[in-house]
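K.L.:
One letter stands for each residue in the lines below.
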Amino acid sequence: MKKVEMKQLIEKIEGEAELDFTFNDGEIDDVKINFGFYRGIEEILREKDARDALVITPRVCGICNHAHLIASVRAIEDGYKRAGVEVNLSSKAKDIREFTLACELIQNHIKWLYLTILPQLKRYVGERSEENYAIKASYLSTTITKALAIFAGQWPHSSYAVVGGVSCDPTHLDVIQAQSLVEESIRFFEQVVIGMDLEEYLAIKSITQLSEIEGDFGNLLYLLGSNDMATIGKSHDRFIVFAESPLSVSAKSIGTQLSKVDVRYVKESMQENTVAKAVEYKKRLYEVGSLSRGMVAKRPIIKSLHKRYKDSLMTRVFARVDEVGVLLKSCKNLLQNLALDEPSCTLPLNKMALHFEGVGIVEASRGSLIHKTKVKNGKIVNYEIITPTQWNLSHGTKEEQGVAIKAMVGAKSVEEATFVFRTFDVCSVCTTQ
Amino acid sequence: MSKPKLLWLQSITCNGNTHSFLNHPELFSILAHFELIHHPVLESDYSFQEVIEGSVPCDVLILEGSFVQEGFLKAGVEVSSVIEHYAKRAKDIITVGTCATFGGIFKQKEPDKISGFAFDIEEKTARYKEYASKLISLPGCPIHPRWLSFVLLMITNGKKVEIDELHRPVELYGYTVHMGCTRNEYFEWKVDVKNFGLKEGCLFYEQGCQAPYTRGSCNKILWNDTSSKTRVGTPCFGCTEPSFPKTSLFTTKTNMGIPAKMPLGVPRRAYLTLTGVTKSFKIKRFSERLLEYDK
Amino acid sequence: MKISEKKALKRESILQTALQLFATQGFHKTTIPDIAGKLKMSVGNLYNYFSSKDILAQEIIKYTSESLGEKIREVNDTDASAEEKIHQIVTIYFTMAKEKPEMIEYFLRVYLSNREVFSDGCEGMICVSGFITEIMVFFDDGVSSGELRNQDFFSAFGLFMGYLGGMVFLKGEEVLPQEIEFYIDDISRNIYNALKA
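Chains as they are written, first to last, in this note's numbering: chain E, 1 to 433; chain A, 1001 to 1295; chain L, 2001 to 2197.
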């Protein structure tokens, strides 16, 4: 038995992280994940106006800023309601928020696919590629965030979600343009990513049909399968989703067993040697993100993959790309049914709660994102942000290893482990907010 | 002739400028003018480890994120020392975003220690003098991708970028965000918004809009080539300004109803005289919905 | 003296004479020939300066508002406290009411009583903006220095000007038992107490 320690700097993950691997007899048996600089957004928010969070919190993260905006507005709205101020969003406002959020998720997943997974996988399996994957990432993310900006004004760093609704007042002219951009995105997804019709893709239920998928996604699945990567990267096989969304209900899934969740049981704690805080639910660690949403939603193809491969790298990677298809369809439906004649914001300007505590939850690209705000005299006295990466990348507890760490354990090389690490779509900046 | 070597380094940041730039529709045509030495997200010639070791070439240095002299390490090395190493060698330095330029949001964590690269809010840092001759500031939280491409292409075209006293290109920051706002008529006639979510009304009087005194091209060069904050009814938060972010961002500070801060360069008496005059008229068109349906 | 300067002087003397006649005889009872006669100029020449009686009336209100505004501006431009400034503004107003009663009378008896004359061209605060602007500046300074309480503009403006206007009205009705300057100190203190932070 020989213990060997190795350090690896991981870059291009929305910042950087350092992994310290411990090999035992040629296999990884522990990993320490260290993130960089603590920026202190929660402290910066203290003593600011409650609504300033709508401007400050998106600046936690350049790639999932919109999710932070929606979480922060939901936290204030929850607080208002609990303080007795009625907040009833119009279905128009709800749908526009879901739409812009979906656009951000698509942007994120597609960048992960083309900027991280495909190039890293080709490198890992030793296949030389001259292909400019980045131009594909840039094209789709530019197209879909333009649709987002029609409603939100800009991406990144919009603050268009206001207490009681949205600040925009869209017309048919706006909706038609957004629809056209969604159609363009669907066309790209069909022709470049999956090489098949979207509806036919979404109807795929079983792993026996996976060979129908072509395009870059088909190629990715082929590479994973032919390099013995379908079974590695397994973790605790526990999944949790805190916010309802067009993707899934809110629940947890242990294996395939579904049960209710309550955000009150989420516990955050400091960890040694890193500025990232760990988080657990009733003393157990759960995975969050696309795979969890697919499992909780019982999406047939995810269940089928899980039945064969459990929560392996294959299932995890598939679930994230798969969400792009589901979200594009959802985007199309949301715009088709948008009730333009409803009000955008239902809360009058002078209606305000001055003392409240509220929780806002949103399904961000990497999983459940939780904001908690405590306000006295209109000013924030405490603000807490729990990011998805804190769930997936914590060091773990005495009883069990963190989700990503467990997935890396057993890997035979640093290269294998870091590829597994990247399948979690690691976001350094969100972890060190 | 070899292409200029482009190095993009990050300090204390959210990556917002990186992702904003990735949204540039002509991203790869622009990058084709350069040799990409290192970039936070895109595939590039050298690894971050090699960058840290100080051995990579650099002609154009892009800096993102606010700056701290000590205490921010990457792979065991002070980020400030890596940045200064390349800043000395670069022919051009572009600070992208309000954090890198003035300190920005992250400065508020430790105001005495954290600043922009060459400016601390509006004050010049100790480092300013050494780099002033090759420094271009692009404040904004985040920057617009076309602001950066303008500067990069001016550099590769061998043209001089005219700058103001804070080193901002005048062609980008000579405007105010107010210029080109679709709500301008409501500003002229002092008609404020009745609520969020309406295309009618001005956000300057009550909702905290800082567009009349914020320098930037947001309503000239539209965001994501399609819109802007004020066009979707969100106030401008002054994110290109050295003082960003202020507090009470959704409220206009007023003294007995009079805005505490005047539009850029407008004397208070001129503004108040005009206000008294315009408020004396009730213009029917401005009290109605802009678009009438079912008529 | 240049022709333009001569003209400006003439214009001002027309305004002052008309102001006096409007204030004492009433707006409707005063005719353009009355004004021309008092100035010993021809009616035709007077029309060279003001094309109608309504326009003359509007110009007078601008003129009085500006001369009052100029005096308040001098106060605004000093470093005095808001409390001292209130005292000075009240003094200016009451002094004007005493020394140039026609100005205040004109405001109360012509401007406020003949709104139809001012409906086209003098809507709202247009013709009094010289004065209003300085009151706004005074409020703005007072609030930003922390001396005055921040509140709605009209609730403060109404308190200040309604009070002064009311006192001058009572003076005009000869109801006040004392000379108007007798009230300056108390009224200034009352206004300050009502507006202070």
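Derived by calculation from the structure, the hints in this document are not laboratory data. Treat the hints with care, since some could be wrong.
[Claimed, not checked] Residues on chain L that point at chain A, a partial pick, calculated with CB under 8 Å:
id, residue
1, G2124
2, I2132
3, M2136
4, V2137
5, D2140
6, V2143
7, S2144
8, N2150
9, Q2151
10, Y2183
11, I2184
12, D2185
13, I2187
14, S2188
15, N2190
16, Y2192
For every residue, glycine included, the Cβ atom is placed at its ideal position computed from N, Cα and C.
K.L.:
Could you work out which of the previously given hints the structure breaks and list their numbers from low to high?
P.N.:
Violated hints: 10, 11, 12, 13, 14, 15, 16; rest satisfied.
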